[in-house]
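Enquirer: What follows is each chain in one-letter form.
4 protein chains.
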Amino acid sequence: MTNQLIQAHALVNALRKFAEEREWERFHSPKNLSMALSVEVAELVEIFQWLTEDESRNAANDDALKNAISEEVADVLIYLVRLADKLEIDLNDAVSKKIIKNAQKYPASHKT
Amino acid sequence: MTNQLIQAHALVNALRKFAEEREWERFHSPKNLSMALSVEVAELVEIFQWLTEDESRNAANDDALKNAISEEVADVLIYLVRLADKLEIDLNDAVSKKIIKNAQKYPASHKT
Amino acid sequence: MTNQLIQAHALVNALRKFAEEREWERFHSPKNLSMALSVEVAELVEIFQWLTEDESRNAANDDALKNAISEEVADVLIYLVRLADKLEIDLNDAVSKKIIKNAQKYPASHKT
Amino acid sequence: MTNQLIQAHALVNALRKFAEEREWERFHSPKNLSMALSVEVAELVEIFQWLTEDESRNAANDDALKNAISEEVADVLIYLVRLADKLEIDLNDAVSKKIIKNAQKYPASHKT
Chain A
1 MTNQLIQAHA LVNALRKFAE EREWERFHSP KNLSMALSVE VAELVEIFQW
51 LTEDESRNAA NDDALKNAIS EEVADVLIYL VRLADKLEID LNDAVSKKII
101 KNAQKYPASH KT
Chain B
1 MTNQLIQAHA LVNALRKFAE EREWERFHSP KNLSMALSVE VAELVEIFQW
51 LTEDESRNAA NDDALKNAIS EEVADVLIYL VRLADKLEID LNDAVSKKII
101 KNAQKYPASH KT
Chain C
1 MTNQLIQAHA LVNALRKFAE EREWERFHSP KNLSMALSVE VAELVEIFQW
51 LTEDESRNAA NDDALKNAIS EEVADVLIYL VRLADKLEID LNDAVSKKII
101 KNAQKYPASH KT
Chain D
1 MTNQLIQAHA LVNALRKFAE EREWERFHSP KNLSMALSVE VAELVEIFQW
51 LTEDESRNAA NDDALKNAIS EEVADVLIYL VRLADKLEID LNDAVSKKII
101 KNAQKYPASH KT
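Protein chains in written order, with the numbering used here: chain A, 1 to 112; chain B, 1 to 112; chain C, 1 to 112; chain D, 1 to 112.
Extracted from the complex, chain A is given alone in its bound form (with noise of 0.2 angstroms):
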């Protein structure tokens, strides 16, 4: 459990009772999660589009904006949970790799 880059276990597990509580298992496809997912990004897109770059970088600032933008950052979480549960994605897997294939396209510039 140690050296885990995320470890989101027990959201699995919450998210995966909220959606059987509610009979929500039938609609939820990893086609049809892959959907909502997008629809909740853009919900955060939606927050920014008309603000300047710099707007942005101070919204931490502007408890209210904060806040929208938390609970669509949450939303867009919770719908990557399921949609990695439905497939049977480890996150932590997937991340830990991704990263190290990243560095490996992306190199850090030299420093000496």
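Keep in mind that the hints are not guaranteed to be accurate.
Any copy will do: because identical chains look the same in the list, a pair fits if it lies in one copy or spans two.
As the list claims (entries may be wrong) - Under the rule of at most 25 angstroms between Cα atoms (straight-line distance), these lysine to aspartate or glutamate pairs were calculated in the DMTMM-like manner:
| id | residue 1 | residue 2 |
| --- | --- | --- |
| 1 | Lys105 | Glu25 |
| 2 | Lys17 | Asp93 |
| 3 | Lys105 | Glu21 |
| 4 | Lys66 | Glu55 |
| 5 | Lys86 | Glu71 |
| 6 | Lys17 | Glu88 |
| 7 | Lys66 | Glu43 |
| 8 | Lys66 | Glu21 |
Hint data in this document are derived by calculation from the structure and do not stem from the laboratory.
Position chains B, C and D relative to chain A; hints supplied.
Expert: For chains B, C and D alone, kept in the frame of chain A given last:
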């Protein structure tokens, strides 16, 4: 540290270091990260767009397909964690609050 | 003017006037318009996310549903035309070239 | 035929023929087309994601960049027109109604 739905501090730190080493911080405004997040989600949607729901449910049985999905899931997670970090959003806090809110919005059906 | 696949000059002009009258030009950078376009497309995806493919095929038979879809389709078209206009892209020219390119990429199957 | 904001009948017909010749009709459920549309929009967003707003405003001056954007704009238009056709939505009618609705929602500021 116990009772957390998700623990991502190690990932937050790893991605922060990764961006700093490549001098990507100037590109990583929340506005831009929300765009990058939407692009990665679309690469996930692209995998599922012409599959039937049943085919998408069986994706875990196809190693190449599952691997392709895992990589896109990781990319989405990476940009989501980066965005949350730039805005000082605690993922565990955000998702815990959202699940409580969702439970109020969608009560589980009664089972007697 | 004949033999055009699409003619949208009147729409281009109407939307240009609409934005000018509201002093929206400063918000309508191509970057921002691409974000707004993605948000509108997500509102379309949201309508279909939990429907089966067959239910989506029957959507034209449900007046309220068809109307909701029509509004989102219009919003997507509006931002697409705005974006093209800001970058001096001729829609008819762009789509004509793309169809030729697609025909080369995906040849029609032989029918004897 | 006059006074139309947009005329796309020739494009509708060309795309219908294109799909039929490739036997793509069975894939082109409105649900799937909405996903494909979102994927194409993301390819447009990808072009702009790390550009500043000013850089995006100058994109028309860079032939290679403008060409890349034109291709993605065309792809978005193609899937939008396909989706509208499958649901018997008249684009001119939809956009005309939406502009009237938007004008009521966002009245132009008074200018005396």
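Enquirer: Sort out which numbered hints this structure fails and list those numbers smallest first.
Expert: Violated hint (a single one): 8; every other hint is consistent with the structure.
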